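K.L.:
Sequence:
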Amino acid sequence: MHLSSDTQGALGLFAEAAQDMATASVELSLGRHFACVDFCNQAAEKAAQAVSLLRFGRRTTYDHDLRALGSQVGAPNDILPEMERLTPFHPEAFYADTPPEEADEVINAEQAGSYVQSARKILRWARSIVLSV
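Its first residue numbered 1, the sequence shown is counted upward by one per residue in full-length UniProt numbering.
These aren't lab readings, by the way, just hints derived from the structure by calculation. Since the model is a prediction, treat every value here as computed from it, not as a measurement. Do not rely on the hints blindly, as some may be mistaken.
What the hints assert, rightly or not - DEER-style ranges, computed between Cβ atoms:
#, residue 1, residue 2, range
1, GLY113, SER5, 31 to 39 angstroms
2, GLY57, GLU110, 34 to 42 angstroms
3, PRO91, GLY12, 38 to 46 angstroms
4, GLN8, SER128, 28 to 36 angstroms
Yeah, the Cβ is synthetic: ideal placement off N, Cα and C, and Gly gets one too.
Construct the entire structure; sequences and hints are all you get.
P.N.:
Rendered as structure tokens:
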């Protein structure tokens, strides 16, 4: 562990990521598919940033490319593709190509469910690091 590790910050941010995953599941059950994958994107980012706080004592600067963020915080090769799958669902990027009123129609329930699975894999990886302190 890094000397300037922020354990409390990492635990708090990981808790936020876990809450975002719970919200994603609720959104999926309500048929709000874009909201679901948006929360998956946020959960993945917060989980990776929790690892960053633990390993480096600070958040890692990034430009909404979750795969790049994963690489910077040391995510293993089996996690990076999961992070890449969720990258397009940052609202700024997504709404650049999709009008908000069409957002839920662009992603079906099956797709949203698969994104939930990707986010859960990312959280399991981060949990194994953050909660092992």
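K.L.:
Look at each hint and say if it fits the structure.
P.N.:
Okay, the hints, checked on the actual structure:
Checked against the hint of 31 to 39 angstroms, the pair GLY113 and SER5 passes, with Cβ atoms roughly 35 angstroms apart. For GLY57 and GLU110, the Cβ-Cβ distance of about 40 angstroms falls inside the hinted range of 34 to 42 angstroms, so the restraint holds. About 23 angstroms separates the C-beta atoms of PRO91 and GLY12, a value inconsistent with the hinted range of 38 to 46 angstroms. Look at GLN8 against SER128: about 19 angstroms separates their beta carbons, and that is not inside 28 to 36 angstroms.
Violated hints, in rising order: 3 and 4; the structure is consistent with all others.
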